[in-house]
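K.L.:
Below, each chain spelled out in residue letters.
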Amino acid sequence: MLAKLRIKNTALAAAVGIFAILFIAGSVMYPNFLSLRVLLNLLINNAYMIVLAGGVCFTILTGGIDLSIGAVVAMTSMIAASLLRSGMNAYLVIAICLLTGVVFGTVQGLLIQYFGLHPWIVTLAGMFFARGACYLISVEAIPIKNQAFYNISQFKLYLGPGRFISLNVIVALVFLALCLYLAKFTKFGRTTYALGGNRQSALLMGLPVARTKILVYTFSGFSATLSGLMFTLYTLSGYGLNANGAEMDAIAACVIGGVSLYGGIGSLFGPFIGVLVAGVIRTMVDFQGTLSSWWTKIFVGTLMLFCIVLQAVIVEREKARKADAQQKKRKKKEPAPAELAEAKS
Amino acid sequence: MRETPTVKKGDVVLSMRHIAKYFPGVKALDDVQLDLRAGEVHALMGENGAGKSTLIKVMTGVYERTSGTVTLHGQDINPKTPQEAQDLGISTVYQEVNLCPNLSVAENVYIGRQPMRFGQIDWHRMNADAVKLLESLDIHVDVTKTLDSYSVSVQQMIAIARAVDMSAGVLILDEPTSSLDSNEVAQLFAIIRHLRDQNMAILFVTHFMDQVYAISDRITVLRNGRYIGEYLAKDLPELDLVTKMIGQKFVDANTQAHRPSKDYSTVRFVRMEDISKRGLVHDFSMAVRAGEVLGLAGLLGSGRTEVAELLFGVTHFDDGVIYVGNDEVKRMNPRKALADQLGYCSEDRKVSGIVGDLSIRENIMLSLQAKKGLRRIPLKKQQEVAQKYIDLLDIKTPSMEKKIGDLSGGNQQKVLLARWLATDPKLLILDEPTRGIDINTKREIENLIVKLSRQGMAIIFISSEYEEMVRTCDRIIVLRDRHAVGELTDNQISQDNIMKVIAGGVAQ
Ligand SMILES: Nc1ncnc2c1ncn2[C@@H]1O[C@H](COP(=O)(O)OP(=O)(O)OP(=O)(O)O)[C@@H](O)[C@H]1O
Ligand SMILES: [Mg+2]
Numbered sequence: 017m018l019a020k021l022r023i024k025n026t027a028l029a030a031a032v033g034i035f036a037i038l039f040i041a042g043s044v045m046y047p048n049f050l051s052l053r054v055l056l057n058l059l060i061n062n063a064y065m066i067v068l069a070g071g072v073c074f075t076i077l078t079g080g081i082d083l084s085i086g087a088v089v090a091m092t093s094m095i096a097a098s099l100l101r102s103g104m105n106a107y108l109v110i111a112i113c114l115l116t117g118v119v120f121g122t123v124q125g126l127l128i129q130y131f132g133l134h135p136w137i138v139t140l141a142g143m144f145f146a147r148g149a150c151y152l153i154s155v156e157a158i159p160i161k162n163q164a165f166y167n168i169s170q171f172k173l174y175l176g177p178g179r180f181i182s183l184n185v186i187v188a189l190v191f192l193a194l195c196l197y198l199a200k201f202t203k204f205g206r207t208t209y210a211l212g213g214n215r216q217s218a219l220l221m222g223l224p225v226a227r228t229k230i231l232v233y234t235f236s237g238f239s240a241t242l243s244g245l246m247f248t249l250y251t252l253s254g255y256g257l258n259a260n261g262a263e264m265d266a267i268a269a270c271v272i273g274g275v276s277l278y279g280g281i282g283s284l285f286g287p288f289i290g291v292l293v294a295g296v297i298r299t300m301v302d303f304q305g306t307l308s309s310w311w312t313k314i315f316v317g318t319l320m321l322f323c324i325v326l327q328a329v330i331v332e333r334e335k336a337r338k339a340d341a342q343q344k345k346r347k348k349k350e351p352a353p354a355e356l357a358e359a360k361s
Numbered sequence: 015m016r017e018t019p020t021v022k023k024g025d026v027v028l029s030m031r032h033i034a035k036y037f038p039g040v041k042a043l044d045d046v047q048l049d050l051r052a053g054e055v056h057a058l059m060g061e062n063g064a065g066k067s068t069l070i071k072v073m074t075g076v077y078e079r080t081s082g083t084v085t086l087h088g089q090d091i092n093p094k095t096p097q098e099a100q101d102l103g104i105s106t107v108y109q110e111v112n113l114c115p116n117l118s119v120a121e122n123v124y125i126g127r128q129p130m131r132f133g134q135i136d137w138h139r140m141n142a143d144a145v146k147l148l149e150s151l152d153i154h155v156d157v158t159k160t161l162d163s164y165s166v167s168v169q170q171m172i173a174i175a176r177a178v179d180m181s182a183g184v185l186i187l188d189e190p191t192s193s194l195d196s197n198e199v200a201q202l203f204a205i206i207r208h209l210r211d212q213n214m215a216i217l218f219v220t221h222f223m224d225q226v227y228a229i230s231d232r233i234t235v236l237r238n239g240r241y242i243g244e245y246l247a248k249d250l251p252e253l254d255l256v257t258k259m260i261g262q263k264f265v266d267a268n269t270q271a272h273r274p275s276k277d278y279s280t281v282r283f284v285r286m287e288d289i290s291k292r293g294l295v296h297d298f299s300m301a302v303r304a305g306e307v308l309g310l311a312g313l314l315g316s317g318r319t320e321v322a323e324l325l326f327g328v329t330h331f332d333d334g335v336i337y338v339g340n341d342e343v344k345r346m347n348p349r350k351a352l353a354d355q356l357g358y359c360s361e362d363r364k365v366s367g368i369v370g371d372l373s374i375r376e377n378i379m380l381s382l383q384a385k386k387g388l389r390r391i392p393l394k395k396q397q398e399v400a401q402k403y404i405d406l407l408d409i410k411t412p413s414m415e416k417k418i419g420d421l422s423g424g425n426q427q428k429v430l431l432a433r434w435l436a437t438d439p440k441l442l443i444l445d446e447p448t449r450g451i452d453i454n455t456k457r458e459i460e461n462l463i464v465k466l467s468r469q470g471m472a473i474i475f476i477s478s479e480y481e482e483m484v485r486t487c488d489r490i491i492v493l494r495d496r497h498a499v500g501e502l503t504d505n506q507i508s509q510d511n512i513m514k515v516i517a518g519g520v521a522q
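Same order as they appear, the protein sequences are chains A and B. Just add 16 to wherever you are in the first sequence, counting from 1, and you've got the working numbering. Just add 14 to wherever you are in the second sequence, counting from 1, and you've got the working numbering.
Simulated from the structure, these hints should not be mistaken for lab results. Glycine included, C-beta positions come from ideal geometry on N, C-alpha and C. Hints are supplied without guarantee of correctness; some may be wrong.
What the hints assert, rightly or not - If you only want the chain B side, here are some residues facing chain A, beta carbon under 10 angstroms, derived: (1) Thr74; (2) Asn92; (3) Thr95; (4) Gln100; (5) Asp101; (6) Val111; (7) Leu113; (8) Pro115; (9) Glu121; (10) Gly126; (11) Arg127; (12) Gly133; (13) Asp136; (14) Arg176; (15) Ser290; (16) Arg292.
What the hints assert, rightly or not - Here are the simulated lysine-lysine pairs, BS3-like style, with alpha carbons at most 30 angstroms apart: (17) B:Lys350 with A:Lys335; (18) B:Lys146 with A:Lys203; (19) B:Lys514 with B:Lys456; (20) B:Lys159 with A:Lys203; (21) B:Lys350 with B:Lys514; (22) B:Lys159 with A:Lys335; (23) A:Lys335 with B:Lys291; (24) A:Lys200 with A:Lys335.
Could you put the whole structure together from the sequences, leaning on the hints where they help?
P.N.:
Pasting the structure below:
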């Protein structure tokens, strides 16, 4: 069983290591850092980002990208807040929001597939559209006062006295499991990898290239709205500037987690770890407490860059090591010259 | 979905009539016909750009045909995607890359039709099935490793395994042997014969004449997108076949009269001394003189390509020295190599060669431009150079502004060659330059190599076809297990001797 859990992806392994190191460093530097609460807060604060990164990861695996997701988070918060203000049933609102995401993503996918447009262009347009839609709904923030929605947001699963996780965390973990399953055990997931590996080959191998390419954007749209709902539960308001730049955080999480931007390589576990790495860096900055918000950004950016470079170095080393090992093995297996001569003649 | 009506040997299974396929500016196919019969191997022959691959792609739904009909077991079919063609029982190994490098071997064999269990992919069974299938075809690999951990030839065998396993009635193989060594070809032929005996209809494309006659029962010849005729292989001698392919009498002129012209200068242009690279090459030394063609022979994976890459600085050596002229080079890199007047026409055009979205002219100019630096070469000059090589190498295209990705496989290879010829290097390294190139052009390229060397160029020539090496090389270094095991000069140069040295013997 353990053998199965071993991480094949060096970059991902490095990310896990970096997470552990950061966590330990935090524990050494700050007295209260090492605690279940910090860990749980890490999950609670980043739950929406876990979902966002997991969704966009599929588009990246095909060699594409979805830049609209951050804006879709904001749009979702606006739609949810305004519909709730108008008195609509909370559960219906949730359903409508998710449906919006599915439609939004599918339309992007259709444009990319059938008009041969570049995902950058289409989803950038989608991003402007979604941000624009926010301000169309309202320029100001809309607070949420709906009781049912509030109750959902207050749901807590206690793991011990004073230690709990929110509904968001449960959703994020279930979503993570879903992503892992989709990627590994469904034809859709495998075709996603094939597409990223070599699109032409995937087509010639007779895989449903068009359908899969559209579906990854559908899924990304869906997870962006799911993430948007989680964000809304977290902040209990809708605002057009919400989740500004979140798409970049999500993409960065994928990269840190070892997902190749060229497509085809990476585990769905990667974005999860990536989010946690970024999260733990932020937590450390919070513990430091004296940094102004500008410095926080610079610090987070520098640390991330450092992590990525470190990772690249580890991956390069590992590759060289593997190549060597392989060479040695091949040497052993090489048939004796006499056999070769026979086979040749 | 896939019920194949029972067929008898010799029945026409798939029939194409009046097929036309026009691309903008090109009539790739014009009124072509093809009949594939059960229990027969059918060779589709023609020069580079004759339309072979296009005909296959029209059949399997990669391209939509401009006109014509395709019938399978007497019924009209019109597959719109390779997926549909597969469902109809037509399985294909295309000329270009066929698989995904990032997926495991097992997955590459089964993707799209993975064994399922409780609605999810059954990896366990898939891996087991893959092992069984590949072992039965005598391919021994770790199926859980990613495809790119294996050599191009093993990958090709895996692609063939996939197609063979899927095939139900019709199997199409477009130049499957271009990157295989002779053992693997023998293996493949055994598989093909086995399938043929099970009444499969098989279409086979190659530029190797001996293979055509070794395996095929019937031959269809295309020329410039037109149908020339269908013949029984036993009724069509090789020379007639080539004549039909090129439309004029084939003169096998150059059977070697040039070699011992010893007057090449004794100046050693490039020397490698005790070059080692961990795991790749061991203590390799050689010198190549201006005006000579030096061959590097050896089996696939013997270190031939690795030597070339080290010399050109694609990879870096750990130990040893390279001298270019009189200068010692500690660390080579491609830019420096270019500046030192070296050129390297690499083996794998899909991976390190062509830039698919650029035009033919741009592709030809790439290296020359890189050498000239930032100052752009005037368009007029570019056109001149491009046209010169299009004519010289007989690159079949309506215009030099066409995307290189739209050229036939062999013609892409020629553009790659032109790119390096255009830089007019002092030393040109050619790694499998004639792979996938038709017989006629192959001879022309051989002649060109000899001619260039006589004009003073030093050439390092790598090829898996010993015949070709024997015809062109002045000297041959034989590699095995990543180091040099022998050197053949003058009248030692023969296919027999190459093989002997590879096998560990001594040349006579
Ligand atoms: N996608 C395309 N767009 C435009 N022209 C094309 C395209 N594909 C092929 N052609 C043209 O059609 C002609 C036939 O090409 P094809 O690939 O069928 O040749 P081939 O017989 O397979 O040659 P080779 O032996 O080199 O593989 C060529 O002139 C080629 O330039
Ligand atoms: Mg072809």
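K.L.:
Does the nearest C-beta of chain A fall within a distance shorter than 10 angstroms of the C-beta of B:Asn92?
P.N.:
Since the shortest Cβ distance to chain A is 16 angstroms, the answer is violated.
K.L.:
Mind checking the CB of B:Gly133 against every CB in chain A and telling me if the closest is under 10 angstroms?
P.N.:
9 angstroms, holds
K.L.:
Can you confirm whether the C-alpha distance between B:Lys159 and A:Lys335 stays at or below 30 angstroms?
P.N.:
14 angstroms, holds
K.L.:
Given B:Arg292 as an interface hint, is its Cβ closer than 10 angstroms to any Cβ of chain A?
P.N.:
With Cβ-Cβ at 6 angstroms, under 10 angstroms, it holds.
K.L.:
For a C-alpha distance cap of 30 angstroms, please report whether B:Lys350 and A:Lys335 respect it.
P.N.:
It holds: about 26 angstroms lies between the C-alpha atoms, which stays within 30 angstroms.
K.L.:
Report holds or violated for the interface hint on B:Gly126, using the least CB-CB distance to chain A and a cut-off of 10 angstroms.
P.N.:
Holds, because the Cβ-Cβ distance from B:Gly126 to chain A comes to roughly 5 angstroms (cut-off 10 angstroms).
K.L.:
With 10 angstroms as the cut and Cβ atoms as the points, is B:Ser290 at the interface with chain A?
P.N.:
Violated: closest Cβ of chain A sits about 13 angstroms from B:Ser290, beyond 10 angstroms.
K.L.:
Going straight from one Cα to the other, do A:Lys335 and B:Lys291 come out at no more than 30 angstroms?
P.N.:
15 angstroms, holds
K.L.:
Hint check: B:Lys514 vs B:Lys456, CA-CA at most 30 angstroms. Holds or violated?
P.N.:
The given pair, whose Cα atoms are some 25 angstroms apart, holds under the 30 angstroms limit.
K.L.:
Between B:Lys146 and A:Lys203, is the straight-line Cα distance small enough, at 30 angstroms or below?
P.N.:
Holds, because 22 angstroms separates the two Cα atoms, which is no more than 30 angstroms.
K.L.:
Hey, does the B:Asp136 contact hint survive, CB to chain A under 10 angstroms?
P.N.:
9 angstroms, holds
K.L.:
Could you grab the alpha-carbon distance between B:Lys350 and B:Lys514 and see if it respects the 30 angstroms cut-off?
P.N.:
37 angstroms, violated
Hint compliance for this structure: hints 2, 15, 21 are broken, all remaining hints hold.
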